[in-house]
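Asks: Chain by chain, the residues:
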Amino acid sequence: MFIHKSSAFRHAALACLFLGMSQAASAFTVCQVTDTGGIDDNSFNQTAWKGVLDAKEQFGIEGRFLESQAETDYEANLNSLIEGDCDLIVTVGFLLGDATQKAALDNPDQRFSIVDFAYDPVVPNILGQVYATDEAAFLAGYLAAGMSQTKILGVFGGINIPPVTIFMDGFVRGADYYNEQKGDSVSVLGWSIETREGLFTNNFDSLDDGRAFAQNLYDEGADIVLPVAGPVGLGSAALADELGIEKLKIIGVDADLYLTDPEKRHVYLTSIMKRMDATVLKTIEMARNDTFEGGVLVGALANGGVDLAPFHDMEALVPESLKSELAEIRAGIIEGRIKVAP
Amino acid sequence: MNETQQTMSLNHLLKAQRGGRSRFEDLVVVPIFAVIVALILGALIMLATNVEPARIAQSYVALLEGSVGSLNAVSETLTAAAPLVLAGLGLALGFRAGLFNIGAEGQILMGGMAAVVVGFSFSSLSPMALLPLSLLAGALAGALYASIAGALRAATGAHEVITTIMLNLISYRLLDYMLRLPSVQKEGRADPISKSVPEAAELPRLLSAIDPNLRVHAGVFLVLLAVVVVYWILFRSKIGFEFRASGENAEAARFAGIRSGIVIVAAMATAGALAGLAGANQVLGVLGRATPGFSAGIGFDAIAVALLGRSHPVGVLLAGLLFGALEAGGRQMQVDAGVSIDLIGIIQALIIVFIAAPLLVRAIFPWGFRKTTGREG
Numbered sequence: 001m002f003i004h005k006s007s008a009f010r011h012a013a014l015a016c017l018f019l020g021m022s023q024a025a026s027a028f029t030v031c032q033v034t035d036t037g038g039i040d041d042n043s044f045n046q047t048a049w050k051g052v053l054d055a056k057e058q059f060g061i062e063g064r065f066l067e068s069q070a071e072t073d074y075e076a077n078l079n080s081l082i083e084g085d086c087d088l089i090v091t092v093g094f095l096l097g098d099a100t101q102k103a104a105l106d107n108p109d110q111r112f113s114i115v116d117f118a119y120d121p122v123v124p125n126i127l128g129q130v131y132a133t134d135e136a137a138f139l140a141g142y143l144a145a146g147m148s149q150t151k152i153l154g155v156f157g158g159i160n161i162p163p164v165t166i167f168m169d170g171f172v173r174g175a176d177y178y179n180e181q182k183g184d185s186v187s188v189l190g191w192s193i194e195t196r197e198g199l200f201t202n203n204f205d206s207l208d209d210g211r212a213f214a215q216n217l218y219d220e221g222a223d224i225v226l227p228v229a230g231p232v233g234l235g236s237a238a239l240a241d242e243l244g245i246e247k248l249k250i251i252g253v254d255a256d257l258y259l260t261d262p263e264k265r266h267v268y269l270t271s272i273m274k275r276m277d278a279t280v281l282k283t284i285e286m287a288r289n290d291t292f293e294g295g296v297l298v299g300a301l302a303n304g305g306v307d308l309a310p311f312h313d314m315e316a317l318v319p320e321s322l323k324s325e326l327a328e329i330r331a332g333i334i335e336g337r338i339k340v341a342p
Numbered sequence: 001m002n003e004t005q006q007t008m009s010l011n012h013l014l015k016a017q018r019g020g021r022s023r024f025e026d027l028v029v030v031p032i033f034a035v036i037v038a039l040i041l042g043a044l045i046m047l048a049t050n051v052e053p054a055r056i057a058q059s060y061v062a063l064l065e066g067s068v069g070s071l072n073a074v075s076e077t078l079t080a081a082a083p084l085v086l087a088g089l090g091l092a093l094g095f096r097a098g099l100f101n102i103g104a105e106g107q108i109l110m111g112g113m114a115a116v117v118v119g120f121s122f123s124s125l126s127p128m129a130l131l132p133l134s135l136l137a138g139a140l141a142g143a144l145y146a147s148i149a150g151a152l153r154a155a156t157g158a159h160e161v162i163t164t165i166m167l168n169l170i171s172y173r174l175l176d177y178m179l180r181l182p183s184v185q186k187e188g189r190a191d192p193i194s195k196s197v198p199e200a201a202e203l204p205r206l207l208s209a210i211d212p213n214l215r216v217h218a219g220v221f222l223v224l225l226a227v228v229v230v231y232w233i234l235f236r237s238k239i240g241f242e243f244r245a246s247g248e249n250a251e252a253a254r255f256a257g258i259r260s261g262i263v264i265v266a267a268m269a270t271a272g273a274l275a276g277l278a279g280a281n282q283v284l285g286v287l288g289r290a291t292p293g294f295s296a297g298i299g300f301d302a303i304a305v306a307l308l309g310r311s312h313p314v315g316v317l318l319a320g321l322l323f324g325a326l327e328a329g330g331r332q333m334q335v336d337a338g339v340s341i342d343l344i345g346i347i348q349a350l351i352i353v354f355i356a357a358p359l360l361v362r363a364i365f366p367w368g369f370r371k372t373t374g375r376e377g
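Protein chains in written order, with the numbering used here: chain C, 1 to 342; chain A, 1 to 377.
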């Protein structure tokens with residue numbers, strides 16, 4: 001044990017040296033605070049972090065992150081980053097909205113950007129990144145309605161907050177649009193646009209909940225389920241994997257889960273991609289060449305900020321007619337002919 | 001009664017004399033070694049997960065820096081320690097009375113919720129009235145919630161471990177429900193989140209004049225006061241003696257004329273009041289509102305704090321500071337060295353394992369202890 005202790009001291013001395021060196025280099029540093037769920041959630045936090053990694057590769061910047069383990073960590077985490085020398089602090093998630101605003105007002109010289117929150121009035125040192133997710137979710141709803149054998153779709157969310165329910169709104173409206181066009185009667189369980197009530201796990205980290213909620217929806221007849229709850233959806237994917245994709249298919253969110261969840265990739269019909277990596281990268285670029293200012297950056301179908309992922313292995317299962325209809329609707333949404341929200 | 005008390009304390013003194021160094025070893029030496037072993041094992045775990053030795057050292061330097069290395073670090077350590085000590089004191093008091101209360105988490109939630117509701121409901125009151133009122137509401141709600149388990153134990157013999165765990169589960173859903181009541185929920189939000197606490201009900205931040213990022217707040221005085229009060233209750237008051245007597249031997253205490261039912265309910269209520277204060281401390285000092293997960297596992301960490309502190313108020317204070325330091329330093333560790341903050345959870349757990357197994361620590365560090373182990377029971 002003595003040996004371990006003395007060698008630890010030697011390493012401590014080494015580390016001091018190392019620290020000194022890294023500070024001397026002082027590259028442009030981006031620091032990210034994740035929401036609960038972890039940086040490796042295959043979904044929400046991971047996609048936003050990918051933006052920093054991409055910037056690392058393209059611009060040679062430094063990137064650091066701090067995981068929030070509970071909501072109580074937000075302020076503390078921001079605090080420990082303000083201590084360090086971050087040129088830009090990116091917070092990931094609607095729930096960090098208040099903490100980010102407070103930190104930004106207390107530290108007017110520090111630049112912040114937040115995913116999923118827009119401030120009104122604008123805070124001069126925060127750039128909010130928001131997404132017209134309902135545009136891509138509308139396409140997913142139309143697709144799912146066209147693919148369902150049971151004519152029943154399922155959806156559930158993490159927490160009843162706007163960045164989550166916007167997926168559910170778009171999905172339900174897409175299915176409704178399908179019914180309208182085809183005179184069909186596909187129903188969506190788990191979310192009511194009118195009452196703003198539905199199925200919510202009330203967390204973004206329990207895979208068990210993801211499984212249980214998907215099971216409930218499946219028991220009620222749904223054969224395609226959209227979990228909007230970050231890593232919680234991985235639990236739903238595990239259920240689909242066991243049941244087989246003839247009985248249950250999953251639609252991923254945030255990232256293209258076919259790529260980020262390779263073990264269960266065969267269960268994903270498609271994913272509603274919210275390209276946080278693209279907007280984070282864009283924000284970092286703006287901060288680097290000093291075009292950064294407070295306000296809002298909107299990701300939509302038109303600028304590639306949101307999109308529907310490829311069908312990959314299910315390419316052959318989706319009828320050609322449905323594909324061309326989707327392409328038509330996609331163009332319609334971009335041109336403004338089709339309204340995804342009233 | 002007074003006579004018994006004197007005899008008891010005399011016995012205690014004799015025992016302490018006899019136990020001498022061994023008692024000191026159990027209370028002080030074992031915890032220190034437990035922390036050291038846990039840190040070394042933590043380093044080995046990092047090594048096993050392919051973290052280079054230089055980065056391991058860097059992470060421990062960051063752990064130190066992030067916990068005591070700057071004013072902000074100390075402020076964060078105190079902020080994290082405050083609720084752990086408060087809840088830990090309550091649990092320690094319960095342990096002394098022979099009650100293994102797992103329900104601090106639920107009591108924190110109920111206490112914090114009550115403090116928030118009182119805070120925004122009477123926002124017109126002056127800070128001099130509103131802050132104490134909110135704190136009192138927190139303590140009362142915690143005490144009442146814990147008393148349920150106490151009463152069940154006293155009246156039916158239902159074990160408090162089971163009932164408090166169940167009450168935790170109930171409290172989560174109860175909180176979800178309450179946070180969505182129109183009178184509680186923040187305007188314009190669909191997710192469960194309470195209205196904000198007005199400034200008059202907030203525990204004032206102590207150093208915000210120096211730097212607005214310093215979060216340490218007046219709750220630290222509450223903590224110190226609680227340590228003194230719990231010490232007095234346990235070792236200087238009649239009810240405290242009854243707590244301890246029941247804890248040592250419930251049967252004997254009953255034959256000595258101590259009414260066990262009242263003792264159980266009183267001990268649970270006091271523990272709940274302290275946990276409720278911990279919750280109030282969080283919402284009034286740190287968060288400014290209630291959200292579903294605002295207890296953040298403090299109630300469970302506090303069990304570890306109470307155990308590490310050997311159920312002694314001063315021990316709990318020190319253990320709480322250590323856990324607060326680990327939490328604050330752990331964040332710095334992740335920022336500076338990129339080592340996951342989950343490692344801190346592992347180190348905390350390892351500390352508890354070694355505390356719970358003093359013989360193991362003695363076996364690892366034979367030179368740290370006296371050869372003849374005259375341990376007391």
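Since the hints were made in silico from the structure, they are not lab data. Accuracy of the hints is not assured; some may be wrong.
To be verified - Here are some, though not all, of the chain A residues that point toward chain C, as calculated from beta-carbon distances under 10 Å:
id : residue
1  : Ser70
2  : Ile210
3  : Asp211
4  : Phe255
5  : Val286
6  : Arg310
7  : Gln332
8  : Asp336
9  : Ile341
Quantities reported herein were computed from a predicted structural model and do not represent experimental measurements. Think of the CB as a built atom: it goes at the ideal place given N, C-alpha and C, for glycine as much as any other residue.
Asks: None of the hints should be skipped; say for each whether it holds.
Replies: Hints and how they fare:
1. A hinted interface residue such as Ser70 (chain A) counts as satisfied when its beta carbon comes closer than 10 Å to some beta carbon of chain C; here the least separation is about 7 Å, so the hint holds.
2. With 10 Å as the threshold, the beta carbon of Ile210 (chain A) stays out of range of chain C, its nearest partner Cβ sitting at about 12 Å, so the hint is violated.
3. Given the 10 Å rule on beta carbons, the hint for Asp211 (chain A) holds: about 9 Å separates it from the nearest Cβ of chain C.
4. Restraint check, Phe255 (chain A) versus chain C: the minimum CB separation of about 46 Å is more than 10 Å; hint violated.
5. Interface restraint check for Val286 (chain A): the shortest CB-CB distance to chain C comes to about 7 Å, inside 10 Å, so the restraint holds.
6. For Arg310 (chain A), the shortest C-beta to C-beta distance to chain C is roughly 24 Å, which exceeds 10 Å, and the interface hint is violated.
7. Residue-level restraint check for Gln332 (chain A) holds (minimum Cβ-Cβ distance to chain C is 6 Å; threshold 10 Å).
8. At a threshold of 10 Å, the smallest CB-CB gap from Asp336 (chain A) to chain C is about 8 Å, leaving the interface hint in force.
9. Annotation: Ile341 (chain A) was flagged as interfacial toward chain C, and the flag holds, the nearest CB pair being 6 Å apart, inside 10 Å.
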